[in-house]
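Q: Each chain, letter by letter, is given below.
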Amino acid sequence: MVKTRSIPNKIADYVLLTLLALAAMLCIAPIINNVAISFSDKAAAAAGNVYFWPVKFSWASYTTIIQDSQFMKSFLISLERVALGGAINFLLTVLMAYPLSKEKRDFGQRNAFMWIVVFTMLFSGGLIPWYIVIYNLHIMNTIWALVLPGAVPVFNVILLVNFFRSVPRELEEAGVMDGANPWYVLLKIYLPISVPALATVTLFTLVAHWNAFFDGMILINDPSKYPLQTYIQQMVVQTSNFSLLSPDDVQRVNAISNKTMNAAKIVVSMVPILVVYPFMQRYFVHGIVLGSVKG
Amino acid sequence: MKTRRNSFYYYQMLIPGFIFLIIFHIVPMFGIVIAFEKFIPAKGIFASKWIGFDNFTYMFQLPDSRQVFMNTVIIATMKIIAGLIVPVIFALALNEVRLTWFKKSIQTIVYLPHFLSWVIMSGIVINIFAYDGIVNAFLGFLGIQPTMFMASNFWFRPILVLTDVWKEFGFSTIIYLAAMTGINPTLYEAAIMDGASRRRQLFHVTLPGLSTTIFLMTILSLGNVLNAGFDQVFNLYNPLVYSTGDILDTYVFRTGLVDMQYGLATAVGLLKSVISFILIVISYKLAEKFANYRIF
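These protein sequence lines map, in sequence, to chains A and B.
So the mapping is simple: our numbering equals the position in the first sequence, first residue as 1, plus 589.
So the mapping is simple: our numbering equals the position in the second sequence, first residue as 1, plus 466.
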């Protein structure tokens, strides 16, 4: 639509491209720095000489991690949590969103249920009562403490309700004409055409389960049962934070603790996200726009 | 007649989810009575002594509580403002780019941090702002003395805001980019006909076209004034920066689960829940009235 660009316009274009590229690079620079440290020689990393490229390249920290049975165990617990929690979330999100997406004339109590669901999202009893309830259910220290309290991802239910409401009624009516009951309509009509939205909410819950650390920290008392993010939080983040007391302390702690190992642990815990990220990206932009910005 | 039969199936579908909602969301709401008790876990909720508003009175007398409340509001407000401005500017800039591959690559990169946990991000943040980290190395290159950033009450809040923007601005950009695709292309054609430069198109077509979305996001962010970000603060702070960094959620965690003052912690949490709830309801009402927005 624009024919030719004048020279000042072209310069402005290049300035813009450079600024955007710079912003994007700044965005991942800290991550690259961390990766570089993880592949560097211990001494170079401790001395703070590593920037964006490994100094004296070394796999040592990764070979050590693989032999660290606690780290690997936590990794597996996190995978188990993602699989189990993701499946429960998927099932319950779909089962709640479908009835709630119906109009009032099709499902009289719809609005009452919807308000209860929204209310649970907006108001909570707070940390202590929540903790006491879970404590009394005797599921602490088990995987169930990590997957059951968040079994219904309310925000995702609302996203999916909004998506289901955009499905043309005629599709459902055609099914009902043929004598289909709501279960059949949901499974055979709604689910197949909702793949982008379902993929979006599923990926959100998988990422949320992988990234959660707090519930692991307070609901799991036995450190050998920690999911990965809790393990990292306790072993890497918390200890490195207390090492900030004075420059002398930093020197001392650096000598004992291992910068490259910590960096490598962070990298490994990022890997699953980086693996699914390219697949997610295709869907989530589309999915979010469909679910949240209407009209 | 048909409707009634269908309702039966809808109840079937809702039951499992509602069982979980009741157990893990509704039942804990009754637990707020702990805020009015001298709660002793061994005695339980029913046998613990009822003390009325004593926990609240005590809370208001504590020197910490005022500080914590102010920290929360200040940090959250700074984050809300930065979190509104940066994504809008970034989306406007990205919208000017005509090279599709370049636009896509930039988006891919800036969305990424949103998907990493605050545990991972904090591990990285603490490293780069460490005394011997890359930020101090860069400052040293400019001839500036190294600083203990993570132990500095002066720097802690700016770092919270900066790293929050780092993690989330790319993702918020999606909403504005989506809103831009909704702007009627004939408006641009008309503007070009009238001889508008790209800068004028930006100010007279794109920005007005975005104003509803910007306004909506501003209203909705109101509800977050007491949410300063537990995961982030919890992973980044340490006792040295409690005076500027301790927020309501971290305070509830420490008084409740670490110091085991259950009644006090529940009272603080309840106050936060109630104020937040009121703010969210107000912001949703405003959004519905002025921007025609509904949650469902």
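The set of hints was computed from the structure by calculation and includes no laboratory data.
Please note that the accuracy of each hint is not assured.
[Stated by the list, open to error] Footprint (simulated), chain A over chain B, 3 or more residues, beta carbon under 8 Å: (1) 491-505; (2) 526-532; (3) 541-555; (4) 718-730.
[As the list claims (entries may be wrong)] Cross-link-like lysine-lysine pairs, in silico, BS3-like; alpha carbons within 25 Å at most: (5) K662(A) x K814(A); (6) K515(B) x K504(B); (7) K631(A) x K645(A); (8) K599(A) x K755(B); (9) K693(A) x K777(A); (10) K691(A) x K570(B); (11) K693(A) x K755(B); (12) K599(A) x K569(B); (13) K691(A) x K777(A); (14) K751(B) x K693(A).
Beta carbons: idealized from backbone N, C-alpha and C, even for Gly.
Q: For every hint, state whether the structure bears it out.
A: Evaluated hints:
Residues of the segment 491-505 of chain B with a Cβ under 8 Å from some Cβ of chain A number 9, which satisfies the need for three, so the listed coverage holds. Only residues whose beta carbon comes within less than 8 Å of a beta carbon in chain A count, and the segment 526-532 of chain B has 0; fewer than three means the coverage is violated. Coverage of the segment 541-555 of chain B by chain A is violated in this model, with 0 residues showing a Cβ closer than 8 Å to a Cβ of that chain against a need of three. Taking a C-beta to C-beta cut-off of 8 Å, the segment 718-730 of chain B contributes 5 residues in contact with chain A, enough for the three needed, and the coverage statement holds.
For the suggested pair K662(A) and K814(A), the alpha carbons sit about 8 Å apart, so the restraint of at most 25 Å is met. The suggested pairing of K515(B) with K504(B) holds, with an alpha-carbon distance near 5 Å, which does not exceed 25 Å. Between K631(A) and K645(A) the CA atoms are separated by roughly 9 Å; this keeps the pair inside 25 Å, and the hint holds. Between K599(A) and K755(B) the alpha-carbon distance is near 43 Å, which puts this suggested pair outside the 25 Å criterion.
Simply put, K693(A) and K777(A) have alpha-carbon atoms about 23 Å apart, close enough for the 25 Å limit, and the pair holds. Proximity of K691(A) to K570(B) is assessed by CA-CA distance (about 37 Å); at most 25 Å being required, the pair is judged violated. About 23 Å separates the Cα atoms of K693(A) and K755(B), which keeps this hinted pair within 25 Å; it holds. With a C-alpha separation of about 17 Å, the suggested pair K599(A) and K569(B) falls inside the 25 Å cut-off, and the hint holds.
Distance restraint check for K691(A) and K777(A): the Cα-Cα separation of roughly 17 Å lies within the 25 Å cut-off, and the hinted pair is therefore satisfied. Simply put, K751(B) and K693(A) have alpha-carbon atoms about 22 Å apart, close enough for the 25 Å limit, and the pair holds.
Figure legend: structure checked against the earlier numbered hints; hints not met, in rising order: 2, 3, 8 and 10.
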